[in-house]
Amino acid sequence: MEKFNRRTLLKTAAAAGAALAAPVYVRTAAARTTTITVASLLGDDKPETKIWVRIGELVEAKLPGQFKFNVVKNGALGGEKEVAEGARLGSVQASLSTISSLSGWVPELQILDLPFLFRDSDHVRRTVDGRVGADLKQKLASQNFVVGGFINYGARHLLTKEPITRPEQLKGKTIRVIQSPLHTRLWSAFGTTPVGIPITETYNALSTGVADAMDLTKSAYAGFKLYEVVPYMTETGHIWASGVIFYAASFWNRLDDEQKAVFLAASQEGAAYFNQLIIEDEAASVEQSLKNGGKLLKPEAFEEWQKGAQGVWQDFAGIVGGLDRIKTIQAA
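All you need for our numbering is the position in the sequence shown, starting with 1, plus 26.
Hints are not guaranteed to be accurate.
When the alpha-carbon atoms are kept at most 16 Å apart in a straight line, the in silico EDC-like pairs for lysine to aspartate or glutamate are as follows [what the hints assert, rightly or not]:
| # | residue 1 | residue 2 |
| --- | --- | --- |
| 1 | K317 | E254 |
| 2 | K99 | D70 |
| 3 | K76 | E295 |
| 4 | K88 | E295 |
| 5 | K333 | E194 |
| 6 | K286 | E86 |
With beta-carbon atoms standing in for the labels, derived distance ranges [to be verified]:
| # | residue 1 | residue 2 | range |
| --- | --- | --- | --- |
| 7 | K88 | K321 | 44 to 50 Å |
| 8 | A309 | N96 | 29 to 35 Å |
| 9 | N96 | L349 | 43 to 49 Å |
| 10 | K94 | A309 | 41 to 47 Å |
| 11 | P189 | D70 | 30 to 36 Å |
| 12 | A287 | G198 | 49 to 55 Å |
Source of the hints: derived by calculation from the structure; they are not laboratory data. Here a beta-carbon is modelled for each residue, glycine too, at the ideal position from N, C-alpha and C.
Take the sequences, apply the hints, and build the full model.
Right, dumping it as structure tokens:
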């Protein structure tokens with residue numbers, strides 16, 4: 027009886043040991059997969075989300091099973107400022123952002139937001155690929171934003187409830203602006219009252235009369251269905267909306283050198299993909315807007331628009347590196 031019990035006990039212990047060992051193996055395997063929470067302001071059909079699908083595929087091809095991208099869409103994690111704050115706190119690991127929304131942490135970024143500074147997207151690209159871009163990356167890293175690449179959202183245009191083609195027609199209007207000193211200064215120059223409102227709250231603000239106008243890219247105009255509340259788009263192209271692919275430093279610093287290299291390469295390829303998507307999406311967005319009551323207008327007295335914005339260069343020269351630096355970029 028003692029012999030039987032002993033044998034039974036040993037068998038039971040062995041079985042229990044095997045049962046316990048299996049979950050340990052599963053847990054160890056699962057621990058090798060890191061989930062990355064990524065915030066996207068828009069849905070599946072927009073470049074802001076598609077870029078993360080592409081980056082995720084590129085990372086998976088080089089580092090199979092190591093990372094899972096959890097892309098939280100449609101602004102569910104808040105606007106750009108809230109997402110950036112989440113990244114600094116560690117609740118968000120990656121996202122895109124306009125440089126405007128990060129300028130509170132790195133004021134020098136505003137050099138890319140100066141109105142009527144850039145001629146076209148190629149001019150912007152040459153600037154961010156050179157010394158200016160490298161300098162801004164370092165400054166962002168010091169604020170816990172690791173830049174994977176610069177992106178271009180396209181030019182910003184004026185959106186209004188009634189047709190406006192000349193700058194003096196803006197006087198007395200309330201305009202929604204990015205929560206940025208430069209954008210506030212720009213629209214104040216035209217006699218408006220700027221109000222900083224997160225993009226996720228803009229539709230309601232415009233529909234309820236909190237704001238009369240705003241500015242935005244063509245892609246996002248359709249993405250947020252703003253043609254329903256500000257049907258007129260005046261193609262001022264006053265600012266080229268630069269942005270970044272960024273990773274939270276708390277996430278990035280846990281990566282090894284190989285993983286960092288893979289993420290950087292994937293981000294660079296993702297940035298090129300995004301920029302091409304934006305070009306295609308702008309055309310589709312304009313078509314969508316026009317079909318739903320939107321109207322495109324050409325600005326009149328263009329030199330007056332430029333003249334009104336020039337004071338911004340003077341006001342921000344000391345912040346962004348001096349007037350000589352601005353003029354060097356202008357001439358590039």
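Each hint, compared with the structure:
At most 16 Å may separate the alpha-carbon atoms for a hinted pair to count; K317 and E254 meet this at roughly 11 Å. Under the criterion of a C-alpha separation no larger than 16 Å, the hint pairing K99 with D70 is consistent with the structure, at around 8 Å. Between the alpha carbons of K76 and E295 the distance comes to roughly 13 Å, so the proposed pair stays at or under 16 Å and holds. Simply put, K88 and E295 have alpha-carbon atoms about 14 Å apart, close enough for the 16 Å limit, and the pair holds.
Distance check on the hinted pair: K333 and E194 sit about 12 Å apart at the alpha-carbon level, within 16 Å; holds. This hinted pair checks out: K286 and E86 have alpha carbons roughly 13 Å apart, not beyond 16 Å. Take K88 and K321: their Cβ atoms lie about 47 Å apart, and the range 44 to 50 Å holds. A hinted range of 29 to 35 Å for the beta carbons of A309 and N96 is consistent with their spacing of about 31 Å.
For the pair N96 and L349, the supplied restraint of 43 to 49 Å holds, since their beta-carbon distance comes to about 45 Å. Between K94 and A309 the C-beta distance comes to about 33 Å, which lies outside the given range of 41 to 47 Å. In this structure the supplied range 30 to 36 Å holds for P189 paired with D70, their Cβ-Cβ distance being about 34 Å. For the hinted restraint 49 to 55 Å between A287 and G198, the CB-CB distance of approximately 54 Å keeps it satisfied.
In the structure shown, a violation is registered for the earlier hint numbered 10 alone.
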